[in-house]
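So the sequence lines, in the order shown, correspond to chains A and B.
For the first sequence, the numbering used here assigns the number 7 to the initial residue and increments by one for each residue that follows.
For the second sequence, the numbering used here assigns the number 9 to the initial residue and increments by one for each residue that follows.
Errors might be hidden in some of the hints.
[Said to hold, decoys possible] In silico DSS-like pairs for lysine-lysine, Cα to Cα no more than 30 Å straight-line:
1) A:K57 x B:K14
2) A:K52 x B:K173
3) A:K115 x B:K18
4) A:K126 x A:K224
5) B:K14 x A:K52
6) A:K15 x A:K137
The hints are simulated quantities; they were obtained by calculation from the structure and are not laboratory data.
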Amino acid sequence: MGVLHFVEKNFYQVLFLTWEHIFMVGLSLIIGTAIGVPLGILITKKANLAKNVINGANVIMTIPSIALFGLMMPILATVGHGLGKVPAIVALVLYSQLPILRNTYVAIKDVPPSIRDAGKGMGMSRWQLLKEVEIPIAAPVIVAGLRTAAVMNIGIGAIAAYIGAGGLGVYIQQGIDRVYPEMIITGAVLVSLFAILVDGLMAAVEHVLTPKGIQLEKRLAQ
Amino acid sequence: MRQVSKRLYKLALLASAFTAGIALERTHTIAFLTDPYNYPEFVRLLFQHLYLVAISISIATAAGLIIGIVLTRSKFRKYSGIAMYVVGLGQTIPSLAVLALVMSLLGIGAKPAIFALTIYSVLPIARNTLAGIRAVPAPVLDAAKGMGMTPTEILFNVELPMAMKVILTGFRVSLVINIGTATLAYLIGAGGMGDWIFSGINMMMTDKLLAGAIPVTLMALLADFLVDLLGVVLVSKGLRWEEE
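So that you can see chain A by itself, here it is in the shape it has in the complex (with noise of 0.2 Å):
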């Protein structure tokens, strides 16, 4: 009970927490995919450099969220932006690259060659071939690199709190700070179900994007 009085009590805040944290999470998921996208459609050509970018994004995830904040703080703090949302939209946006430039890596590269070719002997151009072929059969997987990167950013948005960047985060922190239960659990449980939530849509978007012809396959597949 205690925690909805907490929510009812600092309704205004809780939602202006909330949309700090969507604002965090939404522009690095912009920012991520403006970059990933096309650097992922762009690797499949060079077997070589695919290698290198893959492994250099696999090295960022590998490093633990709050030491990369850390890492991050000396080098942004020269112009001027050690503390805040911008290390953490930094941060957020490299981490999402792994998910993001692998999954569209995968998913281009996998488009059957007899489709391909079927696209160039209809005389479509290279261009052509990307947009009416290429990326319409690999949408589902680079949606599915999106919901992974934005579930693994709302939880990672949590712990910028700790370098001032605001969103839910704030409650958790505060909240073990001062020993306040409600707190803790306003914001755990808020920044959970955001996370589900984006996971449920994210998924539901996965199966729009999909063609027609593609979902039929899997279906007889089953």
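Dock chain B against the given chain A, drawing on the hints supplied.
Then chain B, alone, in the frame of chain A:
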């Protein structure tokens, strides 16, 4: 062309190592670490961190393997779909939220932290064990049955070796996440390298911050690499050969 790019790559690596060295010196991180007053503290925190990781990952591996194996037995197989779904859902819950919830239920200290780390680390291992065993081709199982193997023999001689690669991937993910999350265990009073990172952030002491962040990063990278090596030992030769 390839020669040139390789040389450039080496040069870039050297340059970044050099810059990192200068940065470490400039921020007094090296001086901080080698300070006779800080050094014992460093060792203490490092061991605290390793202790949290070692205990939680051991329990989690045992539990994850058992869950995965039990759910693929013919008796429980019908529940494995639901179990996969629940485990997947559990993985979407942020690590900080798990730690915070455990703290509000069990209080502070090393024990709640180990509990939280354990339940968070079980998920990838259980999921991959389940997926790995489920992916063993039916003809292989039939062949084993036809040779007169008992279910236990099939499990240990066929299913687990075939699934080992996938299980190890789960273990690696689990271990790397565990090392990172153990940093947050400081927040609920369990110590570890997070102590220096969070104090460094709060006091705006770059040297302390880096002296905490760099060892944790190296630990995670090293763990990732070591599990890869473990794969060479544990994954059967035939399967590795097949892949190449």
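Results of checking the hints against the structure:
no.: 1; hint: A:K57 x B:K14; result: 14 Å, holds
no.: 2; hint: A:K52 x B:K173; result: 27 Å, holds
no.: 3; hint: A:K115 x B:K18; result: 29 Å, holds
no.: 4; hint: A:K126 x A:K224; result: 25 Å, holds
no.: 5; hint: B:K14 x A:K52; result: 15 Å, holds
no.: 6; hint: A:K15 x A:K137; result: 51 Å, violated
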